[in-house]
Every structure is written in C-alpha cells, then in structure tokens.
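Trainee: What follows is each chain in one-letter form.
2 protein chains.
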Amino acid sequence: MKFQAVKGTRDFYPEDMAVRNWIFERWHRVARRSGFVEVDGPIFEYLDLYRVKSGEGIVSELFHFEDRGGRALAIRPEMTPTLARMVAARAPSLTRPIKWYSVPRLCRAERPQRGRLREFFQWNVDIIGEKGPLADAECIYVAVDFFRECGLKPEHVVVKINSRAVMADVLRHAGFAPEQFDALYAALDRRERVPAEVFEESLGALGATRAQKEIVLALGTQNGPAGLQKVTALLTGDDAAQVHLAQVGECFALLDKLGVGEYCRFDTGVVRGLAYYTGLVFEGYGMGGLQRAICGGGRYDQLISTVGGPPLPAVGFATSDVVIQDLLVEFGLLPEFQDKVDLFVIDAAPEQFERVLSLVDILRRANYSAVFAYRRQPLGRQLKAAAARGARRVVIVDPLTAPGEQVILKDMESGRQAVVTVDSLMADPFATI
Amino acid sequence: MKFQAVKGTRDFYPEDMAVRNWIFERWHRVARRSGFVEVDGPIFEYLDLYRVKSGEGIVSELFHFEDRGGRALAIRPEMTPTLARMVAARAPSLTRPIKWYSVPRLCRAERPQRGRLREFFQWNVDIIGEKGPLADAECIYVAVDFFRECGLKPEHVVVKINSRAVMADVLRHAGFAPEQFDALYAALDRRERVPAEVFEESLGALGATRAQKEIVLALGTQNGPAGLQKVTALLTGDDAAQVHLAQVGECFALLDKLGVGEYCRFDTGVVRGLAYYTGLVFEGYGMGGLQRAICGGGRYDQLISTVGGPPLPAVGFATSDVVIQDLLVEFGLLPEFQDKVDLFVIDAAPEQFERVLSLVDILRRANYSAVFAYRRQPLGRQLKAAAARGARRVVIVDPLTAPGEQVILKDMESGRQAVVTVDSLMADPFATI
Numbered sequence: 147m148k149f150q151a152v153k154g155t156r157d158f159y160p161e162d163m164a165v166r167n168w169i170f171e172r173w174h175r176v177a178r179r180s181g182f183v184e185v186d187g188p189i190f191e192y193l194d195l196y197r198v199k200s201g202e203g204i205v206s207e208l209f210h211f212e213d214r215g216g217r218a219l220a221i222r223p224e225m226t227p228t229l230a231r232m233v234a235a236r237a238p239s240l241t242r243p244i245k246w247y248s249v250p251r252l253c254r255a256e257r258p259q260r261g262r263l264r265e266f267f268q269w270n271v272d273i274i275g276e277k278g279p280l281a282d283a284e285c286i287y288v289a290v291d292f293f294r295e296c297g298l299k300p301e302h303v304v305v306k307i308n309s310r311a312v313m314a315d316v317l318r319h320a321g322f323a324p325e326q327f328d329a330l331y332a333a334l335d336r337r338e339r340v341p342a343e344v345f346e347e348s349l350g351a352l353g354a355t356r357a358q359k360e361i362v363l364a365l366g367t368q369n370g371p372a373g374l375q376k377v378t379a380l381l382t383g384d385d386a387a388q389v390h391l392a393q394v395g396e397c398f399a400l401l402d403k404l405g406v407g408e409y410c411r412f413d414t415g416v417v418r419g420l421a422y423y424t425g426l427v428f429e430g431y432g433m434g435g436l437q438r439a440i441c442g443g444g445r446y447d448q449l450i451s452t453v454g455g456p457p458l459p460a461v462g463f464a465t466s467d468v469v470i471q472d473l474l475v476e477f478g479l480l481p482e483f484q485d486k487v488d489l490f491v492i493d494a495a496p497e498q499f500e501r502v503l504s505l506v507d508i509l510r511r512a513n514y515s516a517v518f519a520y521r522r523q524p525l526g527r528q529l530k531a532a533a534a535r536g537a538r539r540v541v542i543v544d545p546l547t548a549p550g551e552q553v554i555l556k557d558m559e560s561g562r563q564a565v566v567t568v569d570s571l572m573a574d575p576f577a578t579i
Numbered sequence: 147m148k149f150q151a152v153k154g155t156r157d158f159y160p161e162d163m164a165v166r167n168w169i170f171e172r173w174h175r176v177a178r179r180s181g182f183v184e185v186d187g188p189i190f191e192y193l194d195l196y197r198v199k200s201g202e203g204i205v206s207e208l209f210h211f212e213d214r215g216g217r218a219l220a221i222r223p224e225m226t227p228t229l230a231r232m233v234a235a236r237a238p239s240l241t242r243p244i245k246w247y248s249v250p251r252l253c254r255a256e257r258p259q260r261g262r263l264r265e266f267f268q269w270n271v272d273i274i275g276e277k278g279p280l281a282d283a284e285c286i287y288v289a290v291d292f293f294r295e296c297g298l299k300p301e302h303v304v305v306k307i308n309s310r311a312v313m314a315d316v317l318r319h320a321g322f323a324p325e326q327f328d329a330l331y332a333a334l335d336r337r338e339r340v341p342a343e344v345f346e347e348s349l350g351a352l353g354a355t356r357a358q359k360e361i362v363l364a365l366g367t368q369n370g371p372a373g374l375q376k377v378t379a380l381l382t383g384d385d386a387a388q389v390h391l392a393q394v395g396e397c398f399a400l401l402d403k404l405g406v407g408e409y410c411r412f413d414t415g416v417v418r419g420l421a422y423y424t425g426l427v428f429e430g431y432g433m434g435g436l437q438r439a440i441c442g443g444g445r446y447d448q449l450i451s452t453v454g455g456p457p458l459p460a461v462g463f464a465t466s467d468v469v470i471q472d473l474l475v476e477f478g479l480l481p482e483f484q485d486k487v488d489l490f491v492i493d494a495a496p497e498q499f500e501r502v503l504s505l506v507d508i509l510r511r512a513n514y515s516a517v518f519a520y521r522r523q524p525l526g527r528q529l530k531a532a533a534a535r536g537a538r539r540v541v542i543v544d545p546l547t548a549p550g551e552q553v554i555l556k557d558m559e560s561g562r563q564a565v566v567t568v569d570s571l572m573a574d575p576f577a578t579i
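Order-wise, the sequence lines are chains A and C. Taking the working numbering, the leading residue of the first sequence gets 147, the next gets one more, and so forth. Taking the working numbering, the leading residue of the second sequence gets 147, the next gets one more, and so forth.
Any given hint could turn out to be false.
You can't tell identical chains apart in this list, so a pair holds if it fits in one copy or across any two.
[Stated by the list, open to error] Subject to a maximum C-alpha distance of 25 Å in a straight line, what follows is the list of computed DSS-like cross-link-like pairs (lysine-lysine):
#, residue 1, residue 2
1, K199, K277
2, K556, K486
3, K148, K556
4, K376, K359
5, K403, K556
6, K530, K277
7, K277, K299
8, K199, K153
9, K376, K486
Derived by calculation from the structure, the hints in this document are not laboratory data. Note that the coordinates shown come from a computational prediction; the quantities given were computed from them, not determined experimentally.
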C-alpha cells in the first residue's frame with residue numbers, strides 16, 4: 147500500500163529542513179537579541195477558545211475533533227489565543243513588559259491550493275503590558291531586523307504602517323456609526339486586491355453616502371508622509387484624533403532613531419483584516435514579483451481580557467515560513483545548502499577499523515561531526531564515499547604511512563594531506579596542511 | 147471567559163521552554179555529530195497509514211478527524227510511519243545509508259493521567275538501508291552519546307539489548323508456533339512490570355506447556371553476558387540461531403570499540419512491545435527512583451515495504467522529552483535556568499534616549515542581546531530594571547561622566563564600571579573592566 151503526504155502539507159526532506167532551519171535560526175536570533183524570550187503552547191486547544199476570539203465562523207476553518215470525554219478540541223490555527231490564555235493565567239506574576247516570541251506549528255482546514263497550505267509555521271513576536279508607541283516601534287524594529295538579517299533591503303520589503311484609532315477617527319469624522327466600522331475595515335483591507343469600482347460598490351453596499359465615499363476614497367493607499375499630513379489636515383480640531391496622530395508620528399520618529407526608518411512608510415491602505423486590532427496596525431509587504439503581505443500585526447489591547455485576563459495592552463506581529471521562503475526565493479537570498487560533515491575516518495586496511503571507531507568517538511565527543519564507512523572497502527572507495535558525503539576532511543588510519551599515534555589528514559577541497567599526531571588532530575582538525 | 151490548557155498538554159512558559167530547548171539542543175548536537183541529518187513530516191497523516199502499520203486497534207489511541215473532502219486524517223502518534231512513507235516515496239534517489247533524525251511533536255488520545263501526556267516531543271534516530279550490526283551499534287552509540295552529553299553515567303542509565311531473532315530462535319526451540327510469537331513478545335514485554343505468577347499465568351493462557359514455561363522462565367531478565375552464554379548453550383546445534391547470536395556478540399564488541407560498552411548489557415527481559423521489530427531490540431533504562439524505560443528501539447526490516455517502498459533494512463530508536471526530563475530531574479542534572487540579556491542600555495537623562503536607541507540597534511546588529519527601559523526613569527530605577535532583567539552588563543549614556551563618543555560600561559556581577567569608547571564597547575562589550 148502506497149501512501150502520500152496529505153495535500154496541503156509538506157514533507158521536510160534534509161534539503162527542505164535546511165531551508166526551514168535557516169529561516170528559524172534567524173527568527174530565534176533576531177528575537178533573542180531584542181530581549182524576547184521563547185514560549186510555546188499545545189498544538190490543540192478547546193474549540194471554544196477560538197470561538198470566543200473569532201466567532202462561530204472560525205469553526206469551519208479549523209481541524210477540530212472530540213477527545214474520549216467528548217470535549218471539542220481544535221488544532222491551533224494561530225498562536226495569539228494561546229498566548230492570550232497563557233498571559234491571562236499568570237498575569238499577576240509575570241514581570242512587565244512581557245516580551246515573548248514563539249515559532250508555532252499551525253494548521254488551517256483550507257481547501258488545498260497553490261500558496262494556501264494546511265500546515266505551516268509562524269514566527270510570533272509580542273509585547274504585553276506596555277501601551278506606548280515605543281512598544282509598537284520595537285515590534286516593527288524586530289520585523290525589520292529580521293529582514294536585514296536575511297539581506298532584504300528597502301527595495302525588497304516595505305513596512306506599511308497605519309492606525310486603527312486614526313482610521314476610526316476618520317470614519318467618525320465622515321459620519322459613519324461605530325457599528326459600521328468592522329465591515330468598513332474589512333472592505334478597506336480588501337481595497338488593494340480588488341478593482342477600484344468594486345471597492346466603491348462595497349462602500350455603497352455598506353450604506354456610505356456619496357460624501358462619505360469621497361472621504362474614504364480620498365484616503366488613498368501607499369501614501370507615505372503626505373498621507374499622514376492629509377489625514378492630519380482632515381481631522382483638524384479633533385483633539386482625540388490629534389493625540390492618535392501624534393502617536394503615529396512618534397512611532398515613525400522612534401523607528402528612525404532605531405535605524406530602521408528607511409523600511410517604514412505610512413499607508414492608509416493598511417487596516418488588517420482581523421477584528422481585534424485597536425491601535426497601530428502594520429504589514430510587511432514584499433516587492434518585486436511578489437506584491438503581497440509577508441507579515442502583519444498591530445496593537446490588540448482588548449484580547450487578554452477577552453480570554454479572562456486583566457486588561458493588558460498588547461502589540462505583536464506574525465509571519466509564516468511559507469511567505470518568507472517565497473520572498474527569499476524571489477530575491478535570490480537563500481544560500482545553497484549542502485550537507486557537510488567535518489571528518490570522514492577511513493581504515494587503510496580492515497584491521498585498522500577498531501582504531502577508526504575509537505577515533506570517531508573521540509572526535510564526536512569533541513563535538514566534530516565524524517562518520518565512517520559501514521562496510522570495509524578499499525581506501526579508494528572509502529575516499530569516494532567521503533566525497534559523496536560532503537566530508538570537509540578525511541582522516542586515514544594507515545600505520546604504514548603514519549605509524550604509532552599518527553594519522554593521515556587530508557583536506558577534500560585542496561586535496562593536500564599531511565601526517566599528523568592524534569593530539570594535533572584533536573587540537574584542531576582544520577589546521578592548515 | 148477563562149480558559150485553560152487541555153488536560154494532558156503543557157504550556158511552555160519561558161522557564162519550561164528553557165528546559166525543553168536545553169534537551170532539544172543536545173538531541174540536535176549529538177545526532178549531527180554522528181552524521182545524521184534532520185527531517186520532519188506533517189503533524190497529520192491519512193488515518194490509514196497508522197492502520198496499516200498498527201492495525202485497527204490504533205484508531206482509538208489517535209486524535210482523528212475528517213477534512214472538508216471527508217478524508218480521514220489523524221495527528222501523528224509516532225514518527226516512524228511518516229519516516230517510512232518518506233523513505234518509500236524517494237527510495238531510489240536517496241544516498242545510502244540514509245541516516246535521519248527528527249524531533250517531532252506527537253499526540254496520543256490517552257486518558258490524561260500522571261506521566262501520560264496527550265502531547266509530547268520525541269527524538270527519533272534511524273539508519274535505513276544498512277543491515278549489519280554496525281548500524282545497530284551506531285544507533286545505540288547515539289543514544290549513549292546523548293546520555294553522556296547530559297552528564298548521565300552508567301549508574302544512571304543502562305541500555306538493555308536483546309534480539310528478536312534470538313528470541314524467535316528460543317521460542318521455536320521451545321516448540322512454540324510462529325503465530326504465537328507476537329502474543330508471547332507482548333507477555334515478555336510486560337514481564338518486569340507484573341508479579342512473577344501473573345507472568346507465568348499469562349504464558350499458560352497462551353497455551354504454553356509446563357516444559358515451554360520452564361524454558362521461557364529460565365531466560366530471566368537483567369542477565370548480562372551470563373544470559374547471552376546461557377542462550378548460546380540452549381541453542382547449541384541451531385546454526386541459524388548461532389548466526390543471530392554472533393550478530394548480538396558483534397554488536398557488543400562494536401559498542402566497546404565505540405567507547406560506550408560500559409552503558410550496555412544483554413538482557414533477555416527486553417523484547418519491546420511493538421510488533422514490527424525483526425532483529426536487535428534495545429531499551430534505555432533509568433535507574434535510581436525512576437526504574438523505567440526512557441528510550442527504545444530496534445531493527446524493523448519490513449516496515450518500509452509495508453508502506454509501499456522497496457525492501458529496505460532499518461534500525462532506529464526514539465525517546466521523549468517527558469521521560470528525559472524526569473530522568474534529568476531524578477539525578478539533579480538539569481542546570482538552573484536564568485534568562486539573561488547581554489546589555490541593558492540606560493539614559494542618564496531623557497535627552498540621551500535617542501543615543502540609547504541607536505546604541506541598542508548597533509549592539510543588536512552585532513548579535514548582542516540589548517534592551518532598554520520603555521519608560522524614561524531616573525538612573526537608579528533603570529539600574530534596578532537591568533538587574534531584574536538579568537543583564538550581564540549595563541551601558542550608561544551620560545555625557546557628563548563619559549563625554550563625546552564614550553559611555554559608562556558597568557559589570558552587574560562585580561559592580562565594577564569604566565568609561566569606554568563606543569568603538570571599544572563594540573569590539574568586546576565583555577572586556578575586563
């Protein structure tokens with residue numbers, strides 16, 4: 147009986163795992179150097195946790211099942227509900243600000259199609275317990291620090307920044323009722339992905355008058371500092387709005403001081419689809435042929451209390467291994483991966499094999515990767531096996547050429563070789579020969 | 147609404163994640179230095195994959211569900227079926243021997259109880275395409291190399307080794323029919339966990355005669371080299387059995403040469419519960435108060451062809467993070483984890499904050515972890531925050547004491563401080579002061 151991986155999932159053969167690990171290593175490194183600590187939760191939660199955060203509609207997007215006790219469980223489709231639950235459970239004892247990151251495996255019951263996987267990994271970075279623009283700026287900084295670490299430059303990726311608070315001020319100014327906001331955010335979020343007339347129609351369908359439509363359409367997208375000025379002018383005299391605008395301005399000033407301003411741009415086209423954002427929202431956007439969001443986040447000051455915790459401000463973002471890999475491939479930034487071992491240890495004759503095994507043990511204990519041929523073969527065939535395995539250097543146990551406590555050390559790239567003592571081999575197996 | 151983690155799962159707060167990462171790092175390090183490369187598969191597979199390997203009985207032990215297309219899927223309860231599927235799919239193109247390892251997340255629909263988690267991690271190490279005792283010995287070596295790496299000595303953990311092939315020879319010699327073997331293996335596997343009379347009764351229930359019982363009971367457990375001699379004597383004249391016994395002997399000789407012989411012991415009490423083992427079987431066993439298996443594996447030469455691949459010999463083992471943590475706690479071998487950052491950067495007065503941010507960026511780009519206070523506070527309070535955050539050193543931007551391109555560098559352990567240039571800070575922030 148022949149089996150395949152379930153559609154929409156991936157097998158990670160060594161070469162795929164190397165790519166995944168390359169990305170993951172940079173996620174860990176960048177989060178840690180900004181002082182974030184790693185957390186994780188279970189891969190499944192009570193189904194209700196997702197219902198509470200996202201409503202009944204989420205259920206069809208989840209892989210859900212019952213345990214023996216009949217409890218409804220679901221594989222996590224995102225990390226934030228778990229994070230909020232974990233913070234809520236221990237809120238009093240956690241030192242603020244809580245700076246957490248995670249690299250969760252997630253599943254969604256998508257209809258499998260190109261670019262829509264049913265299983266993927268995310269990088270989540272969150273700051274909880276801090277409400278100022280400094281926390282917003284630090285989250286965006288971490289995203290950009292990762293881009294820089296991968297060699298991505300401002301021509302490859304831009305971080306579009308907006309504020310839900312400012313957008314609410316604009317919508318209020320235009321005379322929309324607060325209960326219309328969520329639907330308007332959803333329409334605005336789709337704006338760049340649909341033709342202009344479709345977007346305009348969707349505003350009409352939401353009951354927008356001609357004057358209201360004009361205000362919303364005038365907001366524009368991809369508008370940078372001029373956009374921020376335009377909104378500021380529009381909201382002249384609205385003191386609360388000016389406070390929100392000043393916060394956005396401060397965030398940009400902080401990003402400049404943190405050295406990542408050149409990646410960042412104000413953009414009224416970004417509102418993010420999720421209902422739970424309350425303040426700043428942002429989105430990394432891949433340029434070139436990609437032209438799509440590659441990470442997203444923002445401020446969600448209500449969520450911790452929604453899952454039973456105290457009111458705690460929070461800001462965070464997520465990105466996935468799938469979009470990051472697409473982005474790196476698009477710009478040719480993924481290195482070629484070749485699986486190497488440090489040393490391949492060879493017996494010149496089978497009676498030397500015992501020494502091969504003890505050398506291998508010594509080398510491994512010193513944390514060098516060391517392998518040997520499983521079958522006793524002539525020297526030439528073992529050398530070929532060493533080359534095939536990607537060995538950097540070969541150690542040959544051959545008492546005729548290297549008697550006593552000596553071995554032959556051969557560099558596979560230069561082809562040079564030398565007789566060395568075992569002591570000097572252990573001191574530095576990559577010493578010049 | 148307050149939520150909890152599902153029973154039998156774990157939340158990994160920073161201190162829990164530190165333990166998990168400590169164990170995982172050693173799994174990766176040890177596998178890699180023996181030349182194993184990492185792979186992974188999806189967290190769910192077609193339910194049939196597990197049915198084919200383990201029979202219909204497995205279904206109740208799995209979390210299973212249907213996708214939108216009505217296909218029956220299950221969260222993986224073990225990695226081996228996925229591994230076998232992946233090898234089978236690409237068998238012709240994979241370079242032999244295939245030396246793979248993985249650190250899969252796994253779930254089992256256990257009734258939650260102490261020590262029985264519904265979600266856990268495993269370390270799987272497998273050699274595919276090699277049938278000799280050298281591959282068996284290398285797998286056991288890797289397990290022991292991990293024990294050594296954690297500081298576990300032969301008084302903490304012993305690897306019990308036996309052979310299904312030899313056990314089959316003994317059972318055949320005793321006159322049992324091959325169709326009785328699987329049930330007998332299961333009974334033998336439980337032998338040490340039940341009273342002697344219960345074990346004897348279970349043999350009777352399987353139709354063993356008095357003479358047959360005597361042969362099986364005489365096998366004993368925890369018997370070392372004397373046990374191997376006893377079995378060899380019992381099977382004198384059985385040429386096939388002597389070949390199997392010689393293979394076991396060779397495996398022990400190889401383990402000695404690889405430097406891990408002192409951890410290993412022949413033990414006819416070990417047969418492993420799983421039906422698919424075909425040759426050598428082994429089990430790491432935790433001593434002290436633990437007295438339980440902490441890893442297990444063996445040769446499974448039929449599995450790859452069972453899932454549609456070519457006939458390929460294979461040997462491997464697995465252990466889980468849960469038992470390893472128990473073992474390390476039992477012997478006090480887990481270090482204390484304290485989350486540290488390299489540097490905490492402080493402004494002596496708020497007008498220096500801009501320089502704090504730019505220093506933080508420079509330090510992070512050089513891959514030092516660097517943080518700062520989110521609120522502008524007096525120097526003393528920032529120093530306290532730095533101590534609370536576990537900062538190794540503090541950088542103070544204070545133009546009065548350290549004018550121009552200088553800063554104050556303070557060591558938090560010794561309390562010593564010095565005025566240094568930013569250049570020398572960047573050259574080595576941990577230089578002696």
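Trainee: Hints first: check each against the structure and report whether it holds.
Mentor: Going through the hints against the structure:
{"no.": "1", "hint": "K199 to K277", "result": "within (21 Å within a copy, 53 Å between copies)"}
{"no.": "2", "hint": "K556 to K486", "result": "within (15 Å within a copy, 42 Å between copies)"}
{"no.": "3", "hint": "K148 to K556", "result": "neither (44 Å within a copy, 64 Å between copies)"}
{"no.": "4", "hint": "K376 to K359", "result": "within (16 Å within a copy, 92 Å between copies)"}
{"no.": "5", "hint": "K403 to K556", "result": "between (51 Å within a copy, 24 Å between copies)"}
{"no.": "6", "hint": "K530 to K277", "result": "between (61 Å within a copy, 21 Å between copies)"}
{"no.": "7", "hint": "K277 to K299", "result": "neither (29 Å within a copy, 51 Å between copies)"}
{"no.": "8", "hint": "K199 to K153", "result": "between (28 Å within a copy, 21 Å between copies)"}
{"no.": "9", "hint": "K376 to K486", "result": "neither (56 Å within a copy, 45 Å between copies)"}
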